[in-house]
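Chains as they are written, first to last, in the working numbering: chain H, 4 to 252; chain P, 4 to 84.
These are calculated hints, taken from the structure and not from any lab test.
No experiment lies behind these values; they were computed from the predicted model shown.
Quick reminder that beta carbons are idealized off the backbone N, C-alpha and C, glycines included.
A few of these clues could be false.
Unchecked claim - For each label pair, taking beta carbons as the anchor points, the in silico distance ranges come out as: (1) H:Asp230 / P:Pro61: 54 to 60 angstroms; (2) P:Pro61 / H:Lys219: 41 to 47 angstroms; (3) H:Lys51 / P:Asn57: 56 to 62 angstroms; (4) P:Asp67 / H:Asn158: 19 to 25 angstroms; (5) H:Ser248 / P:Thr28: 44 to 50 angstroms; (6) H:Asp154 / P:Asp22: 46 to 52 angstroms; (7) P:Glu69 / H:Leu235: 38 to 44 angstroms; (8) P:Asn57 / H:Ser206: 41 to 47 angstroms; (9) H:Asn16 / P:Glu25: 44 to 50 angstroms; (10) H:Lys28 / P:Lys8: 58 to 64 angstroms; (11) P:Met4 / H:Lys70: 55 to 61 angstroms; (12) P:Glu83 / H:Tyr250: 50 to 56 angstroms; (13) H:Asn78 / P:Pro61: 21 to 27 angstroms.
The residues making up each chain are set out below.
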Amino acid sequence: MAKNMELHVDEFNIAHLKMNDVENKNIFSNDFIRGFLAAMDDLEAKYKPHAMILSGLDSVFCAGAEKDTLIDLSNGVIDVKDLLMSERLVNAEYPIIAAMEGHAMGGGLVLALCSDIVIAARESRYGAVFMNMGFTPGMGTTTLLQGLMGDFVANEMMYTGKRFKGSELLNKGTNINYILPKKDVMPKALDIALQISEKNVKSVYLLKYTLSSKKKKLLIDARLQEDMMHKLSFAYPETKDIINSFYAD
Amino acid sequence: MTKEKIIEVISQNIIENLDDLENETIDPMKSMKDYGANSLDMIEVVSCSMRELNIKVPRAELADIETIDQLADKFLAFAEA
């Protein structure tokens, strides 16, 4: 197991996958994506979990793409590895609970969109920040964000790139299952997972298969549109400068 | 634009963007961190304030700022430039 991921399956047959790249704060480096996919391979090779709780660091659930990848894209080097993570989650046979104690930005938020149940923290921020960097949203955001946030809040998030505070989203009335004080996020995730663990695992898998078909289609639709928009928007000459200024410290 | 006006705008945005500060008076000599802001809260306060004041400060210029007062000075410099 790569050190950027922690995976274990507990006595209730609940898988716990923690994205734990402390050094890089859970950005999509190549190592991170490899580690994530390897952890899911490992889980599925050895177990048939009732459910999986996907969590991140206390401060950052997942921060999305790294600058180098975006610059590569703006140079015409096409790299779609991050999409493998969306697909992997959507195609999982078991339900996934995203327990977002920390912030989730861009592709990091998409990991929650590809989950089945989502818990956010009042104190943390959540944003579809793609347009802040001059290019259009990716990884399935354009078709999946509406399901979690509602059509019009999703529009606002994508057009403005604003990083909404959990407490702000609570007032907006989204479809996020729970928006709780950070310390209550993991206990709530565990409670939901325990309820699922009481069900017949074979029926849980059947239900997941049915419920996930819509999302699988949405992700395929997104991919066609988003790839085309990325080819255009990453090629705009100004995009590289906007990316560089966005990541300036 | 006066420095007092800038501090007023920043303070208002701190109160709006952070929890449980409704009755608090913001001390400009303090850092936003003293009021419980995380890094993304600070980015949000800064970008909301810049929009309201109609000024643009490049992010690189903001790296060394520690207090609200220093942020107001930086905004003032860009407002007058």
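To see whether the hints hold, each was checked on the structure:
no. : hint                                   : in the structure
1   : H:Asp230 / P:Pro61: 54 to 60 angstroms : 32 angstroms, violated
2   : P:Pro61 / H:Lys219: 41 to 47 angstroms : 42 angstroms, holds
3   : H:Lys51 / P:Asn57: 56 to 62 angstroms  : 58 angstroms, holds
4   : P:Asp67 / H:Asn158: 19 to 25 angstroms : 37 angstroms, violated
5   : H:Ser248 / P:Thr28: 44 to 50 angstroms : 35 angstroms, violated
6   : H:Asp154 / P:Asp22: 46 to 52 angstroms : 27 angstroms, violated
7   : P:Glu69 / H:Leu235: 38 to 44 angstroms : 41 angstroms, holds
8   : P:Asn57 / H:Ser206: 41 to 47 angstroms : 59 angstroms, violated
9   : H:Asn16 / P:Glu25: 44 to 50 angstroms  : 45 angstroms, holds
10  : H:Lys28 / P:Lys8: 58 to 64 angstroms   : 36 angstroms, violated
11  : P:Met4 / H:Lys70: 55 to 61 angstroms   : 34 angstroms, violated
12  : P:Glu83 / H:Tyr250: 50 to 56 angstroms : 28 angstroms, violated
13  : H:Asn78 / P:Pro61: 21 to 27 angstroms  : 23 angstroms, holds
Violated hints, listed in ascending order, are 1, 4, 5, 6, 8, 10, 11, 12; each of the other numbered hints is respected by the structure.
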